[in-house]
Structures are given as structure tokens and as C-alpha cells.
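Chains as they are written, first to last, in the numbering used here: chain W, 1 to 114; chain A, 1 to 115.
Everything labelled a hint here was simulated from the structure, so no lab data went into it.
Hints may be right or wrong, so weigh each one.
[Unchecked claim] Ranges between beta-carbon positions, derived for each pair: (1) A:S9 <-> W:P75: 30 to 38 Å; (2) W:E56 <-> A:A17: 41 to 49 Å; (3) A:G8 <-> W:P107: 21 to 29 Å; (4) A:T55 <-> W:P83: 45 to 53 Å; (5) A:S26 <-> W:T26: 29 to 37 Å; (6) A:Y39 <-> W:L11: 17 to 25 Å; (7) A:E64 <-> W:K18: 43 to 51 Å; (8) A:Q42 <-> W:L60: 30 to 38 Å; (9) W:R9 <-> A:P30: 35 to 43 Å; (10) W:E63 <-> A:T77: 39 to 47 Å.
[As the list claims (entries may be wrong)] Footprint (simulated), chain W over chain A, 3 or more residues, beta carbon under 8 Å: (11) 32–42; (12) 74–86; (13) 105–115.
Since the structure is predicted, the reported quantities are computational estimates derived from the model, not experimental observations.
In this text, a Cβ means the ideal position worked out from N, Cα and C, and glycines have one as well.
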Amino acid sequence: EADIYQTPRYLVIGTGKKITLECSQTMGHDKMYWYQQDPGMELHLIHYSYGVNSTEKGDLSSESTVSRIRTEHFPLTLESARPSHTSQYLCASSPFSGGADEQYFGPGTRLTVT
Amino acid sequence: AQSVTQLGSHVSVSEGALVLLRCNYSSSVPPYLFWYVQYPNQGLQLLLKYTSAATLVKGINGFEAEFKKSETSFHLTKPSAHMSDAAEYFCAVSLGSGNTGKLIFGQGTTLQVKP
């Protein structure tokens, strides 16, 4: 069973605030991903990691940053939130076996910046 | 470069009718293909995946998809729709975790099931 958690589920915050979206998985997966999804739209990869101390930018440019200090934890930080950051953020993880490894998704964090 | 196109952003069927959600892909090498489902306010759940073992892939909840290389398609079907199937469906392509493992998603198709 996939166990990947995201907190908070919903966040409403004012412009200029610093926020951290948490993502944790208990499956020991090496790879982790952050996607941004606007309502009714496709997912866009904004960050990914192959393992501890590895982080890469995704296909969609984002002002957010990530860190991977522990295998199970992949937090996303916005230093100064803006209304343009309003979106849903989905975290995912996958094992690394060289094959068609599916990604397991968390429930998402819906961020609203006022 | 890989890409995915889902034909039809909204599909509406009656309960008990056939469900057909279309997905076409573009890839320079044999791809891995996935269908995910997203219920409101939830993350994505894997329905099925194609890994070249068999062209007809069976997934959860009665869904299946057929890989057709000549048509570069991976359409999702279900013989009889249930009200609980109403959700957003995403097709995705990957070159596999031996490469980056990144998934490229289609735009999504919203399935509406009418009673």
C-alpha cells in the first residue's frame, strides 16, 4: 500500500509570507517529485529528487525550492508567497528499478495566496 | 521529445454505457504508458500501466487499455460505467526510471456519468 503524506491539505495565506509544504513517504522510495496542478489542468513537474542531497528543477519554472536531507522527506518552500502561487501542489514518489516504475501520489496541498 | 494528447476534455456517458477515453502519445523510443484517476480533492491513483509485456492491459475497477503502436494510442475503456467512475483521468508517458523516470501527463479528461 502506498503511504505518502502531505500537510497541510489546505492553506490560505497572505502575500509575502514564507510557507513550507510537507511531503513524507514511508516506502523507502529513492525518487520523489513535486507537481503543480491548476484546476482542471494537467500536472506540471516543478522539482524532483533521485535521493538524499539530490534535487533538480522540473519542466515548469517555479520560484519554490526543495530539499532532500532524508530519504522519506521532501519539503517544498516558498520564501515569499504571491497570488500567482495559488494552485494545488502534489507530491509523488517512486522506486528506482530501471523499469516502468509508477509514481505514488499524496493527497495534495491546495494553496491559496490572498 | 515525449508528449501525450488526450482527445476530449469532457466525456459524458450514461450509467451502464461503455466508457472510452482517448490517449495518443509521441515518443522516439518504446514508452511506458500509464492511466491515472483523480477524484475531487485527492491525489492521483494508478489505474493501469503498459510495460510492453502485453498490449491489452487490465487495471483496477474494471478498466482496461490497449496499446496500439501503429496508431500511437493507449485508449482507456470500461464496458459499463458506474456513478463512482466520475472523476478526472490522466494519461501519462515515461521513458522509465532507467532514464529520469519523469512522467509527462496529458491534459486530462473529466468523465461525467449520468444516472
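Against the structure, the hints:
Taken as a hint, the range 30 to 38 Å holds for the pair A:S9 and W:P75, whose Cβ atoms sit roughly 33 Å apart. In this structure the hint that W:E56 and A:A17 lie 41 to 49 Å apart at CB holds, the actual value being about 44 Å. For the pair A:G8 and W:P107, the supplied restraint of 21 to 29 Å holds, since their beta-carbon distance comes to about 27 Å. Take A:T55 and W:P83: their Cβ atoms lie about 46 Å apart, and the range 45 to 53 Å holds.
Evaluation of the 29 to 37 Å hint for A:S26 and W:T26 yields a pass: the beta carbon distance comes to about 36 Å. Taking 17 to 25 Å as the suggested C-beta distance range, the pair A:Y39 and W:L11 conforms, at roughly 20 Å. In this structure the supplied range 43 to 51 Å holds for A:E64 paired with W:K18, their Cβ-Cβ distance being about 46 Å. Between A:Q42 and W:L60 the CB atoms are about 21 Å apart, so this pair departs from the stated range of 30 to 38 Å.
Between W:R9 and A:P30, the C-beta spacing of about 38 Å keeps the proposed range 35 to 43 Å intact. With their beta carbons about 41 Å apart, W:E63 and A:T77 fall inside the hinted range of 39 to 47 Å. Check result for the region 32–42 of chain A against chain W: holds, 5 residues qualifying (beta carbon to beta carbon below 8 Å, three or more required). Coverage of a stretch by a chain is defined here by at least three residues with a beta carbon nearer than 8 Å to that chain's beta carbons; for the region 74–86 of chain A and chain W the count is 0, and the condition is violated.
Given a C-beta distance limit of less than 8 Å, the hint that chain W covers the region 105–115 of chain A holds, as 5 residues qualify and 3 suffice.
Hint compliance for this structure: hints 8, 12 are not met, and every other hint is.
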